[in-house]
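Protein chains: 2
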Amino acid sequence: MQASATTSRDVISSERVEGTKVFNAAGDKLGSIDELMIDKRSGQVRYAVLEFGGFLGMGTERYPLPWDVLKYDTTLDGYVVPLDKAKLEGAPNYLDERPPEYDDDYGRRVHRYYGVDYWM
Amino acid sequence: MQASATTSRDVISSERVEGTKVFNAAGDKLGSIDELMIDKRSGQVRYAVLEFGGFLGMGTERYPLPWDVLKYDTTLDGYVVPLDKAKLEGAPNYLDERPPEYDDDYGRRVHRYYGVDYWM
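Here the protein sequences line up with chains A and B, keeping their order.
In this text, residue positions in the first sequence follow the working numbering: the first is 1, and each later residue adds one.
In this text, residue positions in the second sequence follow the working numbering: the first is 1, and each later residue adds one.
These aren't lab readings, by the way, just hints derived from the structure by calculation.
Predicted model only: the values in this text are computed from it and were never measured.
For every residue, glycine included, the Cβ atom is placed at its ideal position computed from N, Cα and C.
Treat the hints with care, since some could be wrong.
[As the list claims (entries may be wrong)] No more than 25 angstroms apart at the CA atoms, straight line, and that leaves these computed lysine to aspartate or glutamate pairs for DMTMM-like:
| id | chain 1 | residue 1 | chain 2 | residue 2 |
| --- | --- | --- | --- | --- |
| 1 | A | K40 | B | D68 |
| 2 | B | K40 | A | E97 |
| 3 | B | K40 | A | D34 |
| 4 | A | K40 | B | E97 |
| 5 | B | K40 | A | D104 |
| 6 | A | K40 | B | D10 |
| 7 | A | K87 | A | D10 |
| 8 | A | K21 | A | D105 |
| 9 | B | K29 | A | D117 |
| 10 | A | K71 | B | E15 |
| 11 | B | K40 | A | D117 |
[To be verified] Estimated spans, in silico, between C-beta atoms of each pair:
| id | chain 1 | residue 1 | chain 2 | residue 2 | range |
| --- | --- | --- | --- | --- | --- |
| 12 | A | D103 | B | L95 | 25 to 35 angstroms |
| 13 | A | D28 | B | D28 | 48 to 58 angstroms |
| 14 | A | L95 | B | Y118 | 37 to 47 angstroms |
| 15 | A | V116 | B | K85 | 24 to 34 angstroms |
Bound-form chain A, shown alone (with noise of 0.2 angstroms):
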């Protein structure tokens, strides 16, 4: 299947991922991929998570965003996602410390607040 057929360019390291900055539409930038988090069975990647902050004594603020969110933008160098600031800020996260209970109900919730399927 010719259209189907996947090249180096198809595939990405996660320390390339790891680090790559994430702006919203506008170009403003949000933060940056801190980590990914799989599926152990699978092998998918679940989340790839957002962080910011971590200044004036705040802490980091961490945002798991589904994989199928992220969309790469040559010209930015960095992942854009469909995501002004009000939506962010409303968007499931939580403090670097405190990580969620990663299960089904809180996988749904997130991949319903960016309106893609969530696939477990």
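Starting from the structure of chain A, add chain B where the hints point.
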């Protein structure tokens, strides 16, 4: 579906996988996971790259392993792969500075070597 319900224990951070030691069934250390190669479109981890060496000017050898080959062993605090050293020596590998073309042919070859399905 109760049986497929997921919890935080079913999810692992890419940062925890990177650096995790890898052993063979006899308990010999083979190396450690350096990075994950992820399918950009689907978010599926296609390979966990095992690396070892990097001393005596020999360069670092890297072995892409299918995700399904890795089994975590809590006693060893690392992954155990069903490979003796002879099997690993014959496995698809590359030197650090010379990555392969990660295309479907390569994917099929790697997965066939380890006897697991290539699902792309």
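**Q.** Proposed proximity, B/E97 with A/K40 (alpha carbon, max 25 angstroms)
**A.** 29 angstroms, violated
Q) Holds or violated: A/K21 with A/D105, Cα cutoff 25 angstroms? A) Cα-Cα ~28 angstroms, so violated.
**Q.** Cβ separation of A/L95 and B/Y118, checked against the hinted range 37 to 47 angstroms
**A.** Since the Cβ atoms of A/L95 and B/Y118 sit about 40 angstroms apart, the hinted range of 37 to 47 angstroms holds.
Q.
So if I understand the rule, the pair passes when the alpha-carbon distance is 25 angstroms or less; does B/K40 with A/D117 pass?
A. 17 angstroms, holds
Q.
With the threshold set at 25 angstroms, check whether the alpha-carbon distance from A/K40 to B/D68 stays at or below it.
A. It holds: about 9 angstroms lies between the C-alpha atoms, which stays within 25 angstroms.
Q: For the pair we were handed, B/K40 and A/E97, check the Cα-Cα distance against 25 angstroms.
A: At roughly 29 angstroms apart (the allowed maximum being 25 angstroms), A/E97 and B/K40 break the hint.
Q: Assess, step by step, whether the Cα of B/K40 is no farther than 25 angstroms from the Cα of A/D34, and give holds or violated.
A: 17 angstroms, holds
Q: Using the beta carbons of A/V116 and B/K85, state whether their distance is inside 24 to 34 angstroms or not.
A: With a Cβ separation near 44 angstroms, A/V116 and B/K85 fall outside 24 to 34 angstroms, so the hint is violated.
Q. CA of A/K87 to CA of A/D10, is that 25 angstroms or under?
A. Given pair A/K87, A/D10 is violated - Cα atoms ~30 angstroms apart, limit 25 angstroms.
(Q) For A/K71 and B/E15, compute the direct alpha-carbon distance and say whether it is at most 25 angstroms. (A) The given pair, whose Cα atoms are some 22 angstroms apart, holds under the 25 angstroms limit.
(Q) B/K40 and A/D104 were given as a pair; does the straight-line alpha-carbon distance stay at or below 25 angstroms? (A) The given pair, whose Cα atoms are some 23 angstroms apart, holds under the 25 angstroms limit.
Q. Given the hinted pair B/K29 and A/D117, is their alpha-carbon gap at most 25 angstroms?
A. 40 angstroms, violated
Consistency note: the structure conflicts with the earlier hints numbered 2, 4, 7, 8, 9, 12, 15.
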